[in-house]
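Using the sequences and the accompanying hints, generate a full structural model.
2 protein chains.
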Amino acid sequence: MDLKDLFQKSKINDHVVVEGWIKQHRKQKEFGFIDFSDGTTFQHLQIVYDQTISNFAEIQKLLVGCAIKVAGQIVPSIGGNQEFELKAESITLEGDCPADYPIQPKRHTREFLRDVAYLRPRTNLFQAVFKIRSVAAMAIHEYFQSHNYVYVHTPLITTADCEGSDQMFKITTLNFDKLPMKDGHVDMSKDLFGKQAFVTGTGQLHGEAFAMAFKKIYTFGPTFRTENSNTKTHANEFWMIEPEIAFCDLDGLMNIEEEMLKYIVNYVLEHCPQEIAFCDEFVEKGLKEKLTKLVNSQFVRITHHEAVDILKNAPVQWEFTPSYQDDIAKEHEKYLTEYYNGPVFITNWPKDIKAWYMKLNPDNTTVAAVDLEVPGAGELMGGSQREEDYAKLMQRCQDLHVDIDTVDWFINLRKYGGCYHSGFGMGFERLLIYLTGVENIRDVIPFPRTPGNCDY
Amino acid sequence: MDLKDLFQKSKINDHVVVEGWIKQHRKQKEFGFIDFSDGTTFQHLQIVYDQTISNFAEIQKLLVGCAIKVAGQIVPSIGGNQEFELKAESITLEGDCPADYPIQPKRHTREFLRDVAYLRPRTNLFQAVFKIRSVAAMAIHEYFQSHNYVYVHTPLITTADCEGSDQMFKITTLNFDKLPMKDGHVDMSKDLFGKQAFVTGTGQLHGEAFAMAFKKIYTFGPTFRTENSNTKTHANEFWMIEPEIAFCDLDGLMNIEEEMLKYIVNYVLEHCPQEIAFCDEFVEKGLKEKLTKLVNSQFVRITHHEAVDILKNAPVQWEFTPSYQDDIAKEHEKYLTEYYNGPVFITNWPKDIKAWYMKLNPDNTTVAAVDLEVPGAGELMGGSQREEDYAKLMQRCQDLHVDIDTVDWFINLRKYGGCYHSGFGMGFERLLIYLTGVENIRDVIPFPRTPGNCDY
Chain B
1 MDLKDLFQKS KINDHVVVEG WIKQHRKQKE FGFIDFSDGT TFQHLQIVYD
51 QTISNFAEIQ KLLVGCAIKV AGQIVPSIGG NQEFELKAES ITLEGDCPAD
101 YPIQPKRHTR EFLRDVAYLR PRTNLFQAVF KIRSVAAMAI HEYFQSHNYV
151 YVHTPLITTA DCEGSDQMFK ITTLNFDKLP MKDGHVDMSK DLFGKQAFVT
201 GTGQLHGEAF AMAFKKIYTF GPTFRTENSN TKTHANEFWM IEPEIAFCDL
251 DGLMNIEEEM LKYIVNYVLE HCPQEIAFCD EFVEKGLKEK LTKLVNSQFV
301 RITHHEAVDI LKNAPVQWEF TPSYQDDIAK EHEKYLTEYY NGPVFITNWP
351 KDIKAWYMKL NPDNTTVAAV DLEVPGAGEL MGGSQREEDY AKLMQRCQDL
401 HVDIDTVDWF INLRKYGGCY HSGFGMGFER LLIYLTGVEN IRDVIPFPRT
451 PGNCDY
Chain Z
1 MDLKDLFQKS KINDHVVVEG WIKQHRKQKE FGFIDFSDGT TFQHLQIVYD
51 QTISNFAEIQ KLLVGCAIKV AGQIVPSIGG NQEFELKAES ITLEGDCPAD
101 YPIQPKRHTR EFLRDVAYLR PRTNLFQAVF KIRSVAAMAI HEYFQSHNYV
151 YVHTPLITTA DCEGSDQMFK ITTLNFDKLP MKDGHVDMSK DLFGKQAFVT
201 GTGQLHGEAF AMAFKKIYTF GPTFRTENSN TKTHANEFWM IEPEIAFCDL
251 DGLMNIEEEM LKYIVNYVLE HCPQEIAFCD EFVEKGLKEK LTKLVNSQFV
301 RITHHEAVDI LKNAPVQWEF TPSYQDDIAK EHEKYLTEYY NGPVFITNWP
351 KDIKAWYMKL NPDNTTVAAV DLEVPGAGEL MGGSQREEDY AKLMQRCQDL
401 HVDIDTVDWF INLRKYGGCY HSGFGMGFER LLIYLTGVEN IRDVIPFPRT
451 PGNCDY
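Chains B and Z supply the protein sequences, listed in that same order.
To convert, note that position 90 of the first sequence is 90 in the numbering used here; the numbers rise steadily by one, no gaps.
To convert, note that position 126 of the second sequence is 126 in the numbering used here; the numbers rise steadily by one, no gaps.
Because the hints were derived from the structure by calculation, they are not lab data.
Note that the structure is a prediction, hence the values are computed from the model and not measured.
Wrong hints could be hidden among the right ones.
[Stated by the list, open to error] Okay, derived cross-link-like pairs now, PhoX-like style, lysine-lysine, Cα gap no bigger than 20 angstroms in a straight line:
id: 1; chain 1: B; residue 1: 195; chain 2: Z; residue 2: 178
id: 2; chain 1: Z; residue 1: 106; chain 2: Z; residue 2: 27
id: 3; chain 1: Z; residue 1: 178; chain 2: B; residue 2: 190
id: 4; chain 1: Z; residue 1: 415; chain 2: B; residue 2: 61
id: 5; chain 1: Z; residue 1: 415; chain 2: B; residue 2: 23
[What the hints assert, rightly or not] Some, not all, of what chain Z presents toward chain B, calculated at C-beta under 7 angstroms:
id: 6; residue: 112
id: 7; residue: 118
id: 8; residue: 134
id: 9; residue: 156
id: 10; residue: 169
id: 11; residue: 239
id: 12; residue: 454
In this text, a Cβ means the ideal position worked out from N, Cα and C, and glycines have one as well.
The following block contains the structure:
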């Protein structure tokens with residue numbers, strides 16, 4: 001049976017069979033104690049055996065990492081802080097493990113563990129991180145499905161280069177050693193799709209088409225960026241959530257963002273108490289308090305202009321001078337969330353630093369965009385009301401030299417019963433960094449891909 | 001409010017505000033009837049308005065497809081088969097729609113609708129199909145999460161070409177017009193990952209690494225195939241579910257497959273009664289009965305050898321002669337599911353026609369693989385117990401010329417507490433074809449990618 005079920009349902013004197021791995025093994029002459037885990041719960045089970053077991057001598061030789069099957073009886077725990085332990089009646093070796101097994105019961109550096117990425121999910125840290133990743137994903141699905149959203153699988157392969165083809169991976173089935181040429185260029189018409197194809201960094205455009213049919217939709221899938229940058233927060237493959245809501249303005253969007261984030265955080269607190277307690281103790285002191293505070297806080301809403309006012313009046317020597325025309329730097333984000341002691345929505349950004357599809361405000365200089373700044377996480381979500389006016393959007397495309405041929409269908413959505421609508425994007429890994437306290441994006445992705453690193 | 005909530009919670013005399021789209025508009029001199037939908041439920045709402053409404057003349061001009069906002073009161077329905085309708089007090093136009101709107105209230109061909117893929121989710125058929133897609137995805141997450149599985153996001157970008165690089169898309173950031181050359185070949189060391197990278201067709205190998213840590217895991221994400229084939233069941237991008245379970249043999253795997261499939265089908269029947277009824281009436285007669293029957297059936301389990309015996313003894317003139325050494329053809333699959341009048345697991349396949357990582361049976365000629373054949377769907381899942389013996393797996397790799405350098409970590413899993421384990425893969429679109437009765441994979445994917453087709 002799964003350890004998770006055992007801890008939830010089993011009672012003293014029950015006879016059970018469990019299968020899992022040896023995490024530690026303390027041997028005495030007449031006894032042995034095995035710290036046992038099967039990964040279905042963060043909690044370990046103590047297994048006690050003595051010489052009444054037939055293969056006592058062989059069992060005593062088993063090392064950390066071995067896979068074993070144990071049949072036994074649940075008995076009250078004598079020492080330790082657990083309620084019960086398992087008195088083994090038989091122990092069978094399912095898979096041996098040698099003494100040079102890299103994952104020993106001691107502290108390993110995160111760098112070392114990245115080098116053995118295929119083994120690191122067996123450590124306490126990564127048991128916690130990847131369980132939280134799974135539970136947070138479920139929280140996202142539960143939030144949206146219970147609020148009448150339709151989950152849409154937007155395509156990853158695209159031939160539209162509206163994001164700028166430099167930022168997208170090209171994909172091809174052509175043989176690099178025998179590239180078909182035409183007029184001195186590679187002849188992409190010979191490729192599988194008859195033209196150059198990319199893997200995309202957003203599902204938003206396709207999401208909007210579905211929001212115009214289902215009112216409320218969300219995407220949740222992998223995303224790619226070619227950024228050649230080796231920071232703690234960049235990876236070339238990560239997961240994104242992109243909800244899109246028809247008949248929703250910027251205020252409505254902020255309501256959704258706030259409600260969704262609190263739902264996820266609360267869900268993880270409820271479903272992963274041991275994992276969060278572990279991260280609180282060993283990764284980020286005060287993590288649980290930080291998360292609990294967020295659930296109970298009310299998010300502040302200010303305009304970009306107001307934010308810059310606060311920054312200009314702040315008694316701080318800024319590295320980057322705050323400006324009504326510019327983006328907000330990391331140091332500014334940090335100051336603002338500390339100033340308000342909680343999450344802050346910043347709205348109505350200068351149009352020149354935001355995307356072409358965002359709704360122009362009546363002032364003609366700002367767009368109805370919103371970024372959510374969260375203490376300890378920085379910008380966690382970015383969204384906007386979308387430009388629903390066909391003529392204005394066309395104008396904006398022309399001004400910014402967007403290739404209209406590849407997005408004409410998207411612009412056409414404004415022609416056929418288009419309505420005011422809004423959406424946002426949240427990087428899933430950024431959320432996980434916030435939820436676990438782990439600092440490096442490489443440590444919240446099962447097998448991270450960063451420049452020069454694509455092993456496993 | 002969402003129509004879904006209105007139908008579930010509103011009562012006669014309630015005042016409500018709804019926003020959505022005009023699906024049909026019948027006008028009389030003193031009245032108008034709008035067939036109204038917002039996409040949050042398959043059900044439409046009838047809106048009635050009369051001359052007491054201030055902008056009666058303008059409202060009468062509104063065409064199919066317009067986005068409108070309606071405030072009104074719920075009143076008992078006079079005619080029709082609905083319990084109530086909405087008596088409008090005000091109707092506001094949110095987004096106009098011209099007379100040449102392609103989606104008119106009549107039957108369109110599927111081919112035409114593929115050409116307007118960005119508008120087709122507004123039709124009844126695709127409202128049903130894509131809602132079922134969303135609900136089936138949720139069913140999958142609920143099944144696995146409630147059975148102690150961890151959801152793992154395995155990477156799509158890979159440098160291992162163990163599937164055969166011909167079957168994978170290559171990805172690159174290199175400029176095709178200025179490819180760096182070295183010794184007459186493209187110098188892939190100059191690419192972002194320092195070598196040739198691909199997007200993958202399976203998460204199984206990485207899934208196994210996580211199963212050795214969490215016991216029970218599943219993946220659910222997009223997958224790519226370069227197959228240049230234009231059939232009803234092939235697409236170059238689709239979604240897969242790949243569970244992997246430690247301490248699980250082939251019998252255990254079949255138990256899981258059967259339980260999971262029944263769970264999903266039952267969940268969709270419960271959560272999408274209107275969508276299923278629609279598909280039953282307009283797509284596949286008898287769909288609901290087919291699905292209900294599956295939930296209540298017991299799946300048959302036979303070996304490949306037994307299957308071939310049955311086929312050889314069948315009073316049928318086969319196009320492909322059944323053979324103990326060969327794969328089972330489509331005509332054979334169909335016969336077997338009809339013979340047993342239900343789903344059939346076929347186990348223990350000839351090793352030469354199955355993958356290198358499958359467990360060799362003691363007979364040395366078959367492997368512990370299992371395909372699930374479902375009436376009306378063909379092969380819905382394929383799985384196997386995995387070879388857990390390090391030496392045997394190495395031998396198999398060498399025999400089949402698998403590039404060991406790129407999968408050494410996977411083979412190493414057998415060295416460090418590896419145990420008997422099993423897993424399977426299910427193509428999500430194949431499931432959806434079964435659930436909806438829609439025959440063509442292009443019609444269950446929001447924006448399908450097939451050879452030569454990558455618009456939108």
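Which numbered hints fail: Hint 6 is the one this structure does not satisfy, whereas the remaining hints hold.
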